[in-house]
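Two chains, two separate frames, one set of hints: put the complex together.
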Amino acid sequence: MINKTVNNVTEALEGVQDGMTFMLGGFGLSGIPENSIKELVKRNVKDVTCISNNAGVDDFGLGLLLKKRQIKKMISSYVGENAEFERQMLSGELDVELIPQGTLAERCRAAQNGIPAFYTPAGYGTEVAEGKEVRDFDGKPHIMEKAFVADFAFVKAWKGDEAGNLIFKGTARNFNPLMCGAAKVTVVEVEELVKPGELDPNFVHIPGIFVQRIFQGDAYEKRIEKRTTQ
Amino acid sequence: MLDKNGIAKRIAQEVQDGYYVNLGIGIPTLVANYVRNDIELEFQSENGILGMGPFPKEEEVDADLINAGKQTITALPGASFFDSSMSFGMIRGQHVDLTILGAMEVAQNGNIANWKIPGKMVKGMGGAMDLVGSAKNIIVAMMHTNKAGDSKLLKACSLPLTGVECVTKIVTNMAVLDIVDKKFRLLERAPGVSIEEIKKATEGDLIIEGDIPEMSI
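Going line by line, the protein sequences match chains W and D. The first sequence runs 1 to 230 under this note's numbering. The second sequence runs 231 to 447 under this note's numbering.
Read the hints as simulated data drawn from the structure, not as lab findings. A portion of the hints provided could be inaccurate.
To be clear about the criterion: a stretch of chain W counts as covered by chain D if any three or more of its residues have a C-beta under 8 Å from a C-beta of chain D, and this derived list gives those stretches [as the list claims (entries may be wrong)]:
#1 80 to 91
#2 103 to 115
#3 123 to 130
#4 160 to 173
#5 215 to 227
Result set (DSS-like, lysine-lysine): computed pairs, CA atoms no more than 25 Å apart in a straight line [as the list claims (entries may be wrong)]:
#6 W:Lys72 <-> W:Lys46
#7 D:Lys346 <-> W:Lys226
#8 W:Lys226 <-> D:Lys234
#9 W:Lys169 <-> W:Lys195
#10 W:Lys73 <-> D:Lys346
Positions of the beta carbon are idealized from the N, C-alpha and C atoms, including for glycine.
Same shape as in the complex, but just chain D (with noise of 0.2 Å):
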């Protein structure tokens, strides 16, 4: 089984050569961590650059340099300024080449619901629900249960949608899953992880087809 930082490890393994992505709030901010350092691509945060580098050192700390989850980030060499609109551009415009996002659930035709508990919580969807309108490429960051061990990968979401029919791929700390004819085909299994445990802990349809490797990471 893995943890925040495996799942973040595994989904590195998505980004190419040349690739603009971006990086939702949570598990997928991790990612920047673990990417290849021979190859060539750029972070891009909703609020308004692309080129975002890492944390700034204690002296380099300036309010006006934000990711989108408000932490404090710093600019590499190459990197551009643009505001709230264009950024959405690039993302609705598909000019963004991989997305990378938090659920609270998905369900097997690739719905989404991340934003909303309704009566409980209510953080809305900043710019959740433009990103899977819109990219081409998304993967789902997650747990594979919640809290209280309820399957997160469903037959249909509960929640408030996020985006309708929107999911291609899913990295949770059981398995790397891909969604085809409306059902979750099952691609990898963590670590240690049995097939039957994926079975277990999957309440939507899952497709297995011949055997399935345990991930490298």
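Okay, chain W solo, but in the shape it has when bound (with noise of 0.2 Å):
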């Protein structure tokens, strides 16, 4: 076995810098990497890429970055729920890229698998296509989407062994698998850190080969958006 793991979240960050491209997993604010962004907030790195579907909530999740003025450049699908990151978007503070969610999730996947490039039929016809090269299969038009390039990659897993296997929980698994090994390095954060064995292989969605530091998260809050009950 590998050990993959360090001691604590201070470990998992070092060679962060200002200036460099992070990925962050997480749909809205269930599955995202609580204790790296609050590291990240801590460490006031300067200038960063965030590569994320969405942009958190004003007081919570990617949003306690922008709220600093930590992101020069915002790229996600979906930006709704913050109301400090579309005054910066409108005012020209932040730059924002808005690409369709499942082409989000496939430029990481590519990433992640070693392909360069793909097509795609989402956004043709949009902004979204505009400077890109358009093919036609069977007589449909394609746009081509080319992988992500990052230096770390923030995930959260649910569970996680010495050896970087993994295993998500619910819809908080989201991009999270996809992340993993997509960017220079990855660093996941786990709820439940266990020993090597105790995972069945069976039931790893994440093998530790994407995984470069692991390390057990504490004070999950795991806020609810939209708390919505019977």
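Here it is as structure tokens:
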């Protein structure tokens, strides 16, 4: 077994610098790497580019980095829940690239899997297609999209073992598995870190080869954006 | 004239036995409340669940179980979870049978705009471009006119497009229409709504053939 554990979030984020590109898992606030985000706020890294489906809310998730003006550019599919984000974007302080959600997922997966580019019908004929190669397959136009290039991926899993094998829970899975191994360094925080052998290999979602550093996070708030009950 | 729930009720009639259905945010979400209970179907939410169930009871609420609108949900027996790539694989690969989504504008050639008002509102397209780029069966659920009273069924969209020539059917508070030969074809009227009223509220070209029945809901 190759041990991927680090002692804490400080060690996990060793090497993070101004101007880097980060990938962050999560859909809304579900499955976001809370501990890594807090550490990024604490380290006050500046001018970063963040690839994340959403941008958090005003006072949680990536909203915390936005508030401190640490983010230079956001690459997301939907940013509707964050007033500070909208203000920074409309005033031009923040560079924003909005891309279709399936394309965002696939650009992560392409980076993870060593595929430099792919074709998708999503966004053809819209501003998303501007400047991109268009090619017909079976008479239908597709646009070429490229794999992401990133320095760090920050991922949240439910359980992991010391070898970096991961299991996700519910819809907190979302983009997290796709970002593992999609950046130069993949940092994973888990709710429960276990010894090798304690996870059934049949139920591992992501093998440890895609993970460089793993640690057990603490004080998970797991905030709910829209608590809706019967 | 229908309200939002009325639109959802009418669209629910389009859901058939054995369908996998993706519901967008807003009016489409309401469709789940009105689907017949004697058919088998599964709701897909693009954040990674098939077999989405109703909202949870207070004690069942789980932060790790939400829908694409970020609302807490439940998973029905037979449900499955998956990552976002596989989720959009289901959509792009045309494994999902029916897509229901909202719109700001629909044009008579099937173009749709629903993600951006330049300089005013920029929320993003989420999964809408992937959905309209591939789905074979797309129903738009929306009000016939906007808050200013202007038609949302247009000759051409004025807002940035979400997809081109992809909408097949539209259900509004006034009518059911489909798109034929790059025109809106009127199929049904909402209860109490006249053809004249629909004509007045529709900027795009309208095909009206024979008697137009009133919706039964």
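Checklist entry - Does the structure break any of the earlier hints, and which numbers would those be? => result Those not satisfied: there are none.
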